[in-house]
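Enquirer: As a plain string of letters, each chain reads:
4 protein chains.
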Amino acid sequence: MSIRCAIVGATGIAGQQFLSALIQHPFFKVVRLAASSKSAGKNYREAIRQEDGQVSWYVEPDYLNTYADMMVEDAATMPLEGLDLVFSAVESSAARDLETRYAEHLPVISTTSAYRYETDVPIIIPAANGGHAQLIHTQRTARKWRGFVVPGPNCTTTGLAIALAPLHRAFGVDRVIMTSLQAVSGAGRSPGVGSMDIVDNIVPYIPNEEGKVERETQKILGQLAAEAIDPANFPISATCTRVPVLEAHTETVYAALSKPASLAEVREAMTTFGGDINPSTHPSAPKQWITLHDDPFRPQPRVDRDVDGGMTTSVGRLREETVLGIGVKFVLVSHNTKMGAAKGALLVAEDLRLRGFL
Amino acid sequence: MSIRCAIVGATGIAGQQFLSALIQHPFFKVVRLAASSKSAGKNYREAIRQEDGQVSWYVEPDYLNTYADMMVEDAATMPLEGLDLVFSAVESSAARDLETRYAEHLPVISTTSAYRYETDVPIIIPAANGGHAQLIHTQRTARKWRGFVVPGPNCTTTGLAIALAPLHRAFGVDRVIMTSLQAVSGAGRSPGVGSMDIVDNIVPYIPNEEGKVERETQKILGQLAAEAIDPANFPISATCTRVPVLEAHTETVYAALSKPASLAEVREAMTTFGGDINPSTHPSAPKQWITLHDDPFRPQPRVDRDVDGGMTTSVGRLREETVLGIGVKFVLVSHNTKMGAAKGALLVAEDLRLRGFL
Amino acid sequence: MSIRCAIVGATGIAGQQFLSALIQHPFFKVVRLAASSKSAGKNYREAIRQEDGQVSWYVEPDYLNTYADMMVEDAATMPLEGLDLVFSAVESSAARDLETRYAEHLPVISTTSAYRYETDVPIIIPAANGGHAQLIHTQRTARKWRGFVVPGPNCTTTGLAIALAPLHRAFGVDRVIMTSLQAVSGAGRSPGVGSMDIVDNIVPYIPNEEGKVERETQKILGQLAAEAIDPANFPISATCTRVPVLEAHTETVYAALSKPASLAEVREAMTTFGGDINPSTHPSAPKQWITLHDDPFRPQPRVDRDVDGGMTTSVGRLREETVLGIGVKFVLVSHNTKMGAAKGALLVAEDLRLRGFL
Amino acid sequence: MSIRCAIVGATGIAGQQFLSALIQHPFFKVVRLAASSKSAGKNYREAIRQEDGQVSWYVEPDYLNTYADMMVEDAATMPLEGLDLVFSAVESSAARDLETRYAEHLPVISTTSAYRYETDVPIIIPAANGGHAQLIHTQRTARKWRGFVVPGPNCTTTGLAIALAPLHRAFGVDRVIMTSLQAVSGAGRSPGVGSMDIVDNIVPYIPNEEGKVERETQKILGQLAAEAIDPANFPISATCTRVPVLEAHTETVYAALSKPASLAEVREAMTTFGGDINPSTHPSAPKQWITLHDDPFRPQPRVDRDVDGGMTTSVGRLREETVLGIGVKFVLVSHNTKMGAAKGALLVAEDLRLRGFL
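Residue numbers (the working numbering), protein chains in the order written: chain A, 513 to 870; chain B, 513 to 870; chain C, 513 to 870; chain D, 513 to 870.
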């Protein structure tokens with residue numbers, strides 16, 4: 513029997529990636545769409561029409577027909593009966609109130625930052641810290657909720673946390689320096705990144721992004737303690753930039769390790785990471801969680817973003833690092849609106865289902 | 513003595529091009545900035561700050577300092593005393609009411625379409641139809657205005673009308689087919705063209721653009737009759753598209769002529785066009801109104817847009833046309849926010865000053 | 513039993529699209545790769561390595577493994593035994609000699625222009641003029657070849673000929689004006705279009721392209737006479753430009769028709785076109801040869817190029833045309849390296865197989 | 513009296529930037545152009561024509577006329593009489609032999625790497641290490657040359673060395689981590705970066721670039737010892753990437769300092785750097801060697817590259833760094849073919865002239 517889902521924030525880019533990922537999903541079924549009051553009462557096609565009349569649909573063109581005639585409801589007033597789960601991709605300051613409203617009654621899996629930094633809320637990437645889901649019990653008890661909230665990480669955190677997870681597990685990570693080259697889709701659809709700002713250009717700053725990356729990575733790679741996560745204690749110094757690429761974030765990473773590791777050992781740790789995730793229980797999971805490239809010209813965002821359904825983290829240019837400390841440096845590419853947002857959240861849902869939370 | 517100007521719509525791209533063009537202008541001086549009520553009461557730098565904090569300034573970086581601390585007024589309530597002229601570049605439906613308010617008292621030279629299609633309002637390109645300015649007398653009398661409104665053409669009309677003007681004058685134009693490849697700056701700053709819509713893409717439709725091009729070109733190349741313009745009677749079939757180019761519209765043009773003309777005669781007509789405009793009275797005018805290229809790979813928007821201060825119309829690929837009718841076909845490039853908007857409007861102001869209207 | 517194929521010009525973009533399209537094809541099997549002498553003797557991966565070390569592979573990343581270790585042979589000396597068919601995608605002046613060499617012994621289906629303009633050589637698009645294949649008999653007799661040559665059209669011709677075919681069949685086409693906005697992949701891989709020439713830019717000229725479009729379209733839509741094609745006699749006036757789009761050509765088309773047709777009749781003719789092509793005999797054929805869009809903002813190259821495997825011709829903005837003559841105008845998008853090159857040639861092969869030529 | 517110069521490698525992008533920078537220079541005059549034997553004997557306009565017929569001229573369009581009819585000579589056989597100086601911008605492995613040939617007789621100022629790593633050859637940035645020019649005496653004596661060779665740094669080194677120079681001077685630099693986002697023009701004109709490789713994409717590797725940056729920066733910021741440069745001993749860990757930007761390299765820099773410095777002290781060191789360079793003796797020098805931005809969204813390559821004639825190094829996002837060590841992190845933008853190549857080399861020439869070497 514299908515788990516009946518609402519997509520809240522269905523009109524944004526992450527929302528559309530949810531709709532794309534949930535077409536013919538074996539476990540989940542989209543039964544309700546919601547967005548801001550501006551969209552409420554329109555059918556979906558009209559709700560995503562821009563001021564100039566153009567329809568903003570950024571995933572597979574033919575999938576739109578599946579949702580075009582569904583009515584979009586007001587996220588603030590949408591009835592919750594008939595729902596088993598809410599996927600939240602709200603691009604606004606309203607996320608906190610909305611997710612609270614839903615979580616009182618239903619499980620909420622979210623791509624937003626509204627609850628990420630609460631002590632009783634885990635940020636989950638299944639292969640890295642699926643066990644943090646146990647914190648949900650604490651959360652429910654403390655908040656007296658029938659449901660719960662589990663957010664995925666920020667899209668820039670996702671690739672970094674996945675690449676560091678096997679290193680931290682095997683060798684310990686001591687210090688990280690990271691520069692991101694982020695795709696325009698990460699800024700959302702409305703207003704998003706204006707073409708005047710990014711054609712033939714780079715914007716060297718994304719508000720709040722760098723702090724999120726540090727805090728979230730530490731939390732994801734931390735240890736579940738009694739009633740909270742004890743964050744990993746390695747510091748991250750980051751510079752986040754926006755580049756003229758449509759989809760997929762590229763990151764250059766320098767990591768000092770706690771104990772020495774050969775490049776062969778690092779490769780082994782990376783390529784085996786996530787091998788315990790079973791595709792039959794996790795149909796959205798990549799076959800290979802980390803895809804390692806020997807070709808130094810890879811990974812490239814346009815070329816590698818859709819590999820493995822946009823769910824693998826592509827790593828290349830793996831080299832020894834000595835300036836930051838004994839460790840490694842590398843380049844990674846991660847699909848920011850698939851693994852880094854909606855499809856990654858769906859993967860969390862698949863994991864929570866297996867763990868009995870759904 | 514300087515003519516004291518207000519720039520209304522000062523926060524948009526066309527508004528900024530006004531600010532750029534008016535730095536150290538010999539005749540005009542910017543004394544007031546206005547925009548929507550949202551911007552009113554802020555200094556200019558804050559008024560052009562986007563939601564994410566980024567300052568939207570698209571012209572020479574160091575020119576911003578000249579205007580950064582000027583207060584932006586509400587266009588709807590801005591006092592008119594101390595002003596001799598209003599340049600209007602309002603990007604909204606409010607243009608009509610605002611321009612009416614100003615024109616009751618002051619000359620208004622506009623980049624908007626609010627008044628373009630009124631029978632007593634000329635659309636002026638000085639080298640093509642400067643004499644249409646005489647219609648201002650009719651306008652003032654009919655409307656009982658102390659001021660008047662003169663708009664420049666739509667940015668896509670500008671290059672086409674300039675390229676056709678010498679042909680129409682010398683040989684008569686019978687029929688025109690045109691396809692435009694328009695730059696993103698033409699869509700303005702907010703929301704403008706989202707990068708998700710245009711990177712690696714073309715949008716084959718710009719609402720209302722094609723009709724404007726036909727109607728405006730016919731009016732500009734028409735004859736001044738008693739109390740109106742008798743439009744040129746050649747039809748134009750146009751397809752207007754948006755392409756991933758920052759600035760400058762490219763147009764492919766096919767024109768059937770009323771009487772046969774050799775390519776040499778067409779070249780002569782084009783290259784001598786505008787030769788009677790004097791740079792000392794028209795400091796914003798291009799040295800060459802139409803720049804003809806023999807190299808078939810030119811004109812190119814990135815390469816040719818800034819030639820002659822962004823004020824020339826670059827024409828290339830001049831060939832005989834026989835399918836539409838006996839005539840010529842060619843490609844043109846025109847800077848859409850300079851000659852096609854603010855700086856073109858400034859040139860109209862220079863022309864009206866010489867003709868005694870300012 | 514599989515038809516054993518060689519891909520000649522396997523290192524170029526069209527060659528790679530052949531390799532992509534032939535992965536697990538039910539009828540055809542790639543048994544040999546050939547290219548210029550520069551590549552000969554290298555394995556495929558090395559043969560596509562650029563001077564700076566980067567591997568130039570522009571189709572599905574994981575398909576490279578299938579071909580990476582195959583030896584690339586010299587197209588000029590490749591043995592022909594063991595082959596049933598040659599697909600030629602040579603990007604050079606050598607195409608004529610090479611295709612002659614192969615055609616003496618084997619069927620050759622080509623994406624090059626080497627033989628396109630010979631009187632005894634048909635240019636085939638199955639749904640438009642599959643019957644022209646009968647000219648192969650004439651060709652073989654005249655040239656005393658055991659094989660034959662059948663080229664597909666130029667990539668810019670393809671979409672135009674497909675869109676005009678149903679109009680010409682149903683109403684007659686009298687005159688055409690076309691402007692193309694062509695993708696960079698059409699210029700091939702080496703040297704191709706340099707990024708310095710096309711970022712934030714348009715190049716308004718592609719040598720020889722416009723003449724090809726006219727000549728080929730007339731031939732494809734012509735009538736098979738005794739021993740040659742009697743070309744359709746409508747003239748085409750074209751302007752071909754290069755734009756910053758990776759894949760898929762966009763074309764604005766104005767067509768005067770011989771007899772009046774309502775937009776509804778034109779739509780009907782377009783949407784039923786190709787309906788007689790059977791997917792079981794033509795696995796590369798699109799489900800819909802022409803996909804019509806009501807949304808005026810479509811088609812868009814990035815959005816629509818991969819619909820139906822890159823094999824449909826997307827048409828939108830269908831409107832009445834009156835300036836060129838009574839008829840229609842529209843915008844089309846066609847994938848230039850799939851339907852417009854390799855996969856289109858494969859579709860020709862499927863058609864010739866059904867007709868007994870393979 | 514003018515110093516008579518030859519531009520060798522005149523057909524490449526750096527060569528063209530020399531031609532642009534030397535239009536009406538007060539001290540230098542271009543009297544001879546040279547390139548590879550392939551270009552020899554052609555006039556300049558023909559020499560820069562691509563295979564498809566397009567002229568490759570990437571600087572001010574109207575400057576081409578000044579050079580179009582000059583004959584291009586073969587760099588290997590060009591006579592040296594009548595010359596006082598050679599500017600070398602050869603993009604090939606031939607640079608070493610050619611520069612040797614010239615240096616036996618004439619001063620050679622080069623944008624190539626041919627001689628950069630020789631112990632008796634300084635790499636000069638006037639404001640940073642103009643005094644290293646004294647090494648020319650050693651070089652001439654050792655090599656028995658009447659002339660000499662002085663190269664400028666690699667374009668990616670330039671901005672980094674300039675930004676670090678005042679920090680190293682005032683506080684000492686201990687360790688540096690840098691990620692570059694490099695413009696396509698840095699790869700030269702032929703073949704350069706193909707558009708298929710970079711539209712909507714990033715290439716995470718530029719062969720040899722990272723090693724050059726480390727070695728050159730250490731040398732430039734080193735101390736002139738008896739007969740060689742004693743390099744600065746701080747290590748640099750770099751990742752160099754190519755991004756879809758036409759001109760100007762962006763770099764994210766993390767620098768640990770030897771002694772603590774407040775952000776105010778760092779700002780003071782940066783903004784006063786180069787203040788002793790006199791514009792009357794160095795007409796190519798920027799007014800401000802380092803332009804500091806408080807706006808965190810700056811610097812941006814498209815916006816800031818042409819500030820101060822493309823000669824300033826724009827620095828922004830200045831923040832404290834603690835992960836690499838006590839120090840600072842920031843983002844810089846440097847025009848790679850102006851300050852980072854030809855115009856930077858011209859500035860070296862102006863400096864050597866003042867020091868009596870020319």
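Any given hint could be a false lead.
Copies of the same chain are indistinguishable here, so a pair counts whether it falls within one copy or spans any two.
[As the list claims (entries may be wrong)] Okay, derived cross-link-like pairs now, EDC-like style, lysine to aspartate or glutamate, Cα gap no bigger than 20 Å in a straight line:
{"#": "1", "residue 1": "K550", "residue 2": "E563"}
{"#": "2", "residue 1": "K541", "residue 2": "D596"}
{"#": "3", "residue 1": "K724", "residue 2": "E777"}
{"#": "4", "residue 1": "K656", "residue 2": "D609"}
{"#": "5", "residue 1": "K724", "residue 2": "E832"}
{"#": "6", "residue 1": "K656", "residue 2": "E563"}
{"#": "7", "residue 1": "K799", "residue 2": "D574"}
{"#": "8", "residue 1": "K724", "residue 2": "E833"}
{"#": "9", "residue 1": "K554", "residue 2": "E585"}
{"#": "10", "residue 1": "K724", "residue 2": "E593"}
{"#": "11", "residue 1": "K554", "residue 2": "D564"}
{"#": "12", "residue 1": "K541", "residue 2": "E777"}
{"#": "13", "residue 1": "K550", "residue 2": "D581"}
{"#": "14", "residue 1": "K554", "residue 2": "D807"}
{"#": "15", "residue 1": "K724", "residue 2": "D564"}
{"#": "16", "residue 1": "K550", "residue 2": "E833"}
{"#": "17", "residue 1": "K724", "residue 2": "D632"}
{"#": "18", "residue 1": "K541", "residue 2": "D564"}
{"#": "19", "residue 1": "K799", "residue 2": "E832"}
{"#": "20", "residue 1": "K771", "residue 2": "E572"}
{"#": "21", "residue 1": "K541", "residue 2": "D686"}
{"#": "22", "residue 1": "K550", "residue 2": "D574"}
Note that these hints are calculated values from the structure, not bench results.
Enquirer: Hint by hint, say whether it matches the structure.
Expert: Status of the hints after comparison with the structure:
no., hint, in the structure
1, K550 x E563, "both (12 Å within a copy, 19 Å between copies)"
2, K541 x D596, "within (10 Å within a copy, 49 Å between copies)"
3, K724 x E777, "neither (29 Å within a copy, 29 Å between copies)"
4, K656 x D609, "within (16 Å within a copy, 56 Å between copies)"
5, K724 x E832, "between (27 Å within a copy, 18 Å between copies)"
6, K656 x E563, "neither (42 Å within a copy, 36 Å between copies)"
7, K799 x D574, "between (26 Å within a copy, 13 Å between copies)"
8, K724 x E833, "between (25 Å within a copy, 17 Å between copies)"
9, K554 x E585, "within (8 Å within a copy, 37 Å between copies)"
10, K724 x E593, "neither (34 Å within a copy, 51 Å between copies)"
11, K554 x D564, "within (17 Å within a copy, 28 Å between copies)"
12, K541 x E777, "neither (42 Å within a copy, 40 Å between copies)"
13, K550 x D581, "within (17 Å within a copy, 35 Å between copies)"
14, K554 x D807, "between (49 Å within a copy, 18 Å between copies)"
15, K724 x D564, "between (34 Å within a copy, 16 Å between copies)"
16, K550 x E833, "neither (51 Å within a copy, 38 Å between copies)"
17, K724 x D632, "within (17 Å within a copy, 49 Å between copies)"
18, K541 x D564, "neither (32 Å within a copy, 35 Å between copies)"
19, K799 x E832, "neither (27 Å within a copy, 41 Å between copies)"
20, K771 x E572, "neither (45 Å within a copy, 38 Å between copies)"
21, K541 x D686, "neither (42 Å within a copy, 53 Å between copies)"
22, K550 x D574, "neither (25 Å within a copy, 40 Å between copies)"
Of the numbered hints stated above, those contradicted by the structure are hints 3, 6, 10, 12, 16, 18, 19, 20, 21 and 22, listed in ascending order.
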